[in-house]
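There are 2 protein chains.
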Amino acid sequence: MMNTIEELKASIIEQFGTPCGVIDLDVVERNIKRAQELCDTAGVANRPHIKTHKSTLLARMQMDAGAIGITCQKLGEAEVMADAGITDIIIATNILGAAKSGKLSALQKRLPLKVCADNPVTLQAYAKAAKAAQRPLDVLVECDTGQKRAGVETPEQALKLAEIIKQDPDLDFAGWLFYPPLNGWQHTQEFYNKVSAGLADLDLEAGIVSTGGTPNFTHIGKLEGATEHRAGTCIFNDRMMIDVGFASVSDCAYQVFTSVVSRAGETRGILDAGSKTLTADTGGLAGYGYILEHPAARIHKFAEEHGFLDLQDCNDKPAVGDIVRVIPNHVCVSVNMLDQLVTVRNNEIVDAIPVSARGMLV
Amino acid sequence: MMNTIEELKASIIEQFGTPCGVIDLDVVERNIKRAQELCDTAGVANRPHIKTHKSTLLARMQMDAGAIGITCQKLGEAEVMADAGITDIIIATNILGAAKSGKLSALQKRLPLKVCADNPVTLQAYAKAAKAAQRPLDVLVECDTGQKRAGVETPEQALKLAEIIKQDPDLDFAGWLFYPPLNGWQHTQEFYNKVSAGLADLDLEAGIVSTGGTPNFTHIGKLEGATEHRAGTCIFNDRMMIDVGFASVSDCAYQVFTSVVSRAGETRGILDAGSKTLTADTGGLAGYGYILEHPAARIHKFAEEHGFLDLQDCNDKPAVGDIVRVIPNHVCVSVNMLDQLVTVRNNEIVDAIPVSARGMLV
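Residue numbers (this note's numbering), protein chains in the order written: chain D, 234 to 595; chain H, 234 to 595.
Hints are not guaranteed to be accurate.
Since the list gives no way to pick out one identical chain from another, each pair is judged satisfied if it fits inside one copy or across any two copies.
Listed next, the in silico EDC-like pairs over lysine to aspartate or glutamate satisfying Cα-Cα at most 20 Å (straight line) [said to hold, decoys possible]:
#1 K550 to E239
#2 K550 to D405
#3 K342 to E386
#4 K361 to E247
These are computed hints drawn from the structure, not numbers from a lab.
Remember, it's a predicted structure, so these values are computed and weren't measured experimentally.
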């Protein structure tokens, strides 16, 4: 039997207090299943990015639903996930520096990792770490096709890195890592076709061709040659995913339960969740977060522990002590500030789970 | 003998890796001393806000330098600070809800707290918690004089709350909490004069009249009747404090050491510190953070673990593997995402200290 949302709010305020990061496991499971099905239908493997949840429990749920492995953004995240028994891991960033090299080496000794690079300096560091681990590292070359973040900008540069990898006995070429812009899949295809042709000349094969991003599920499978997709946000969704049309409010598994703690003005109020809970990251949207109970209320400003409510357009204004649920603009950055998530099902508290891989320095 | 900054960078990359939150203890001590002297000169007591550093060690340093107590923004922060032996604490927020009431009660049993309220609902919760603790709670009434955050907007409302406190055997009236806007000190004085006159009629006295904010050090002492000041950011300073003219670059004790991990374009680069380290909170400034080694470089965008460098105006462009130091726009929100801070002196690593009071849910 399903509890009411009021009963859940009473339990949260009784057992935890606000602000409180809450995830609905039914919605989480539905979201995991949806991402897996989107990948299955497109004929690419699913390698979720765990940066969104940083939870070993949720990573295991993704694996159990059919994921072939996971993607991490930090070496420290990979360590935590490896400790939890997950063995197929891509670390999707350039890993540099002595302390990290030592850690990388130690982890590579335990299990064969897949790492990424977009420059020769990183490749040198990888070769050194692999040699120390006495096990060659699988390296993907990160390619930029318009996002202008990490990633080489031309097929020629990509192939040059592949060649360096080929010549290094401590490195194995594993494939290509792409993050196509939403409107850049055609360009990504052209880029991919060129590097594929070049690979044949090098007598190499790309075991992995990875695309990324939750909004990119719209285009999944469009890149001919892609073998897998890595997406993070889709496990929880957020206001940005509603905005791009990927999710509806009911697909948002993560909500911050927060109390109205002040109503000092007729048309304004204060929540006990501010930028240290909901994040100042607007994701390009106006205002911060969507309030389920008062969709017309606007969170227009933050102090660190206070959300500033504009209630002008709100007919039914909340009172001091009311608990409201907020879907943040960008869930990944919000979860990153919490040490635990409260899990619920049918509006009943199930557990509190640690955000195990948060706070990793490197 | 002083190490070079290059030696410090080498130690950081060797022992910790990047990104790494680093504080220079000499600068911290100088900043603590400066805040104390500003208060001493103005004839008001110093009650630093620990939301910036959340470290029991740094709170103790502030106490040793002359602070009469501390300010916390969350009950959980107060618990951690009380465990560390700090006994004079103002919690500067409305504390509501059963779980928090229970915690408040337990803490109030251990030491007499000072709490804040701007509405009768909160006062009821406080009375209940105090009764359970069998020790009356000292309550400050929070007054808003223009910031439009928490705080009653009129002297009449403030006095009404003082009267409710007076009539409740479990509550003691402790004074007024102000956060004057930079240009609102005159209005704050008028507000204060009115509530002071009204207090006499109620036969009450304000033991504490608190002003707040690091930028407000410019006006410290201007409020006739003020007894103490609470400021947080001044212990570290940041780009916002440089912008308002309170600090110079050399007053910024907190710097994020971060590596250039990608230089895929001629005029761009990628840092391994993004919104999960430096915070998306712009503080109203253009760009995110000031790079000491490359003042002309702009951090114009963030991914979660990547800072996007615009190097157009940079003659001496950094290379992959270079370590640079970034002063974030808003230090409080950056520190809040880290589990530890590396302390240094004379460019030598001293220790790594926990951000003990971070991650407190309530």
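Now for the hints, and whether the structure bears them out:
1. K550 to E239: This pair counts as within: shortest intra-copy Cα distance 17 Å, inter-copy 57 Å.
2. K550 to D405: neither (61 Å within a copy, 31 Å between copies)
3. K342 to E386: Neither: 32 Å inside a copy, 63 Å across copies.
4. K361 to E247: between (53 Å within a copy, 15 Å between copies)
Hint violations for this structure: numbers 2, 3, all remaining hints satisfied.
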